[in-house]
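> What follows is each chain in one-letter form.
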Amino acid sequence: MKANEHSDEVAISRDEEMLVAYLDGKLEDDAARELAERLADDDALRQRVNRLAQAWALLDELPRSRLDESFTRSTIEMVSVAAEADVQREVASRIRWQWLAGVSAAAALAMATGIGFWVTNQIVPDANRQLVEDLPIVEEMDLYQQIGSVSFLEQLADSEVFPEEAGNEP
Amino acid sequence: MELYRLHDPDVQLMLQVREDDAEAFEELMLRYQSRVVTVLEHLVGQRDQAEDLAQDVFLRIYRARKTYVPGAKFSTWLFTITNNVASNARRNRARRKEVRWEGSSGDSTALPAMEQLAVAASGQMPARRLDKKEVQDIVRAAISGLNERQRLAVLLSKFEDMSYEDIATTMELSPQAVKSLLFRARENLRQILEPYLADGTPPGDESNANGSAASDVSAEAE
Numbered sequence: 001m002k003a004n005e006h007s008d009e010v011a012i013s014r015d016e017e018m019l020v021a022y023l024d025g026k027l028e029d030d031a032a033r034e035l036a037e038r039l040a041d042d043d044a045l046r047q048r049v050n051r052l053a054q055a056w057a058l059l060d061e062l063p064r065s066r067l068d069e070s071f072t073r074s075t076i077e078m079v080s081v082a083a084e085a086d087v088q089r090e091v092a093s094r095i096r097w098q099w100l101a102g103v104s105a106a107a108a109l110a111m112a113t114g115i116g117f118w119v120t121n122q123i124v125p126d127a128n129r130q131l132v133e134d135l136p137i138v139e140e141m142d143l144y145q146q147i148g149s150v151s152f153l154e155q156l157a158d159s160e161v162f163p164e165e166a167g168n169e170p
Numbered sequence: 001m002e003l004y005r006l007h008d009p010d011v012q013l014m015l016q017v018r019e020d021d022a023e024a025f026e027e028l029m030l031r032y033q034s035r036v037v038t039v040l041e042h043l044v045g046q047r048d049q050a051e052d053l054a055q056d057v058f059l060r061i062y063r064a065r066k067t068y069v070p071g072a073k074f075s076t077w078l079f080t081i082t083n084n085v086a087s088n089a090r091r092n093r094a095r096r097k098e099v100r101w102e103g104s105s106g107d108s109t110a111l112p113a114m115e116q117l118a119v120a121a122s123g124q125m126p127a128r129r130l131d132k133k134e135v136q137d138i139v140r141a142a143i144s145g146l147n148e149r150q151r152l153a154v155l156l157s158k159f160e161d162m163s164y165e166d167i168a169t170t171m172e173l174s175p176q177a178v179k180s181l182l183f184r185a186r187e188n189l190r191q192i193l194e195p196y197l198a199d200g201t202p203p204g205d206e207s208n209a210n211g212s213a214a215s216d217v218s219a220e221a222e
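Residue numbers (this note's numbering), protein chains in the order written: chain A, 1 to 170; chain B, 1 to 222.
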């Protein structure tokens, strides 16, 4: 017996299989002849087969359920309500997903813009950057031009005579 | 698959239901509702509950319409769902009963099936020709004396005229297992009904008189 097999599913004997097939009218000709001979000779077997057939036939006495229209109507109403609820749930779920998708797309766009800006800033030279760096010199340009010698100014910066200004020199 | 699509008109109806055809669904209901309730009534033992469960069956069918693929006869698919719904209901009922029993030591209404059989067959009745209602009660009680799987196999075979193969698909068993199950169910029914078949005596009289063939059957059925 297999682990998940119930005791009443365990294979029946060949004789029992033959009886079932006989009772169901599915016994092949040869087997039917063989069983008929046995039934003729064996009162107990004949009695058992008769009883099996009678007990089976008694099931026809059971009434079949009859349902009126109200059952059909109430079931269809119930199904309609449930189907509508399903549709609403589906729509709500779709809206939720659409909203999430929208928010995600906006966040992704903002992040991409930020990264793009940063990368661009790092790679492409900024024309104004040099100007900003040179601003202290530009502001004092008139003074530097009066001195007239760049090499003198460099020597002056290296001599540390004006240490506090030296740090600001270009 | 194509075989069922072409030859089973109910499969064609279900395919229309898949396309949201409400009339097809109503037609399927009209064809099957009584049959489903009949089977469920014998499985769960109560008409009201059987009707509630049948509604659940049709609701499940409607909800499953979009994924429906005709892999078997429609009736086989329908009764597979019916079987699942009945199994869930029995499990829930057993769980509730367990909780109730934990709370109270005795439950006089929860008679075992064979005791119900004896009550239904009424041991006090004299041996006489029984009227139709009494015979129905005896047969109904005899069916409820079978275990659940034997009962379902009998109902599908007798009421739905299903083949071993279709019953096997419905119950997720092999056809050979179904054959065995049905044979044992027939044997159990024969033993339970033997007193009535022999001389019209309700089974309850017999069980009272000689130590009950019924209790033997009950043990065997489990």
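Simulated from the structure, these hints should not be mistaken for laboratory data. Where a beta carbon is used, it is the ideal one built from N, C-alpha and C, also for glycine. One or more hints might be untrue.
[Claimed, not checked] Below, a sample of chain B positions facing chain A; criterion: calculated Cβ distance under 7 Å:
1. Leu28
2. Tyr32
3. Gln33
4. Glu41
5. Val44
6. Thr169
7. Arg186
8. Arg190
9. Leu197
[As the list claims (entries may be wrong)] Label pairs and their in silico Cβ distance ranges:
10. Gly45(B) <-> Asp43(A): 34 to 40 Å
11. Leu45(A) <-> Lys133(B): 23 to 29 Å
12. Ala106(A) <-> Ser34(B): 55 to 61 Å
13. Lys133(B) <-> Glu37(A): 56 to 62 Å
14. Ala101(A) <-> Glu27(B): 39 to 45 Å
15. Glu27(B) <-> Leu45(A): 19 to 25 Å
16. His7(B) <-> Leu45(A): 26 to 32 Å
> Now, for every hint given, state plainly whether the structure supports it.
Hint by hint, here is what the structure shows:
1. At its closest, the beta carbon of Leu28(B) sits 11 Å from a beta carbon of chain A; the interface hint therefore is violated under the 7 Å criterion.
2. Interface hint at Tyr32(B): violated, since its Cβ lies 10 Å from the closest Cβ of chain A, which is beyond the 7 Å cut-off.
3. Below 7 Å, beta-carbon pairs count as interface contacts, and Gln33(B) has one with chain A at about 5 Å; its hint therefore holds.
4. At about 6 Å, the closest approach between the beta carbon of Glu41(B) and any beta carbon in chain A falls short of 7 Å, and the interface hint on this residue holds.
5. Using the Cβ-Cβ criterion of 7 Å, the hint placing Val44(B) at the interface with chain A is not satisfied: the shortest such distance is roughly 12 Å.
6. Given the 7 Å rule on beta carbons, the hint for Thr169(B) is violated: about 15 Å separates it from the nearest Cβ of chain A.
7. For Arg186(B), the interface hint holds, since its Cβ comes within 7 Å of a Cβ in chain A; the closest pair sits about 5 Å apart.
8. Interface restraint check: Arg190(B) against chain A, minimum CB-CB distance 4 Å, threshold 7 Å, status holds.
9. The beta carbon of Leu197(B) comes within 5 Å of a beta carbon in chain A, closer than 7 Å, and the hint placing it at the interface holds.
10. Checked against the hint of 34 to 40 Å, the C-beta distance between Gly45(B) and Asp43(A) comes to roughly 38 Å, which is consistent with it.
11. Distance hint for Leu45(A) and Lys133(B): a CB-CB separation of about 34 Å, inconsistent with the stated range 23 to 29 Å.
12. In this structure, Ala106(A) and Ser34(B) meet the distance hint of 55 to 61 Å, their C-beta atoms being roughly 57 Å apart.
13. Here the CB-CB span from Lys133(B) to Glu37(A) is close to 42 Å, at odds with the stated 56 to 62 Å.
14. In this structure the supplied range 39 to 45 Å holds for Ala101(A) paired with Glu27(B), their Cβ-Cβ distance being about 41 Å.
15. Against the hinted window of 19 to 25 Å, the Cβ-Cβ separation of Glu27(B) and Leu45(A) comes to about 48 Å, which falls outside the hint.
16. For His7(B) paired with Leu45(A), a C-beta distance near 40 Å fails the hint of 26 to 32 Å.
The earlier numbered hints that this structure contradicts are 1, 2, 5, 6, 11, 13, 15 and 16.
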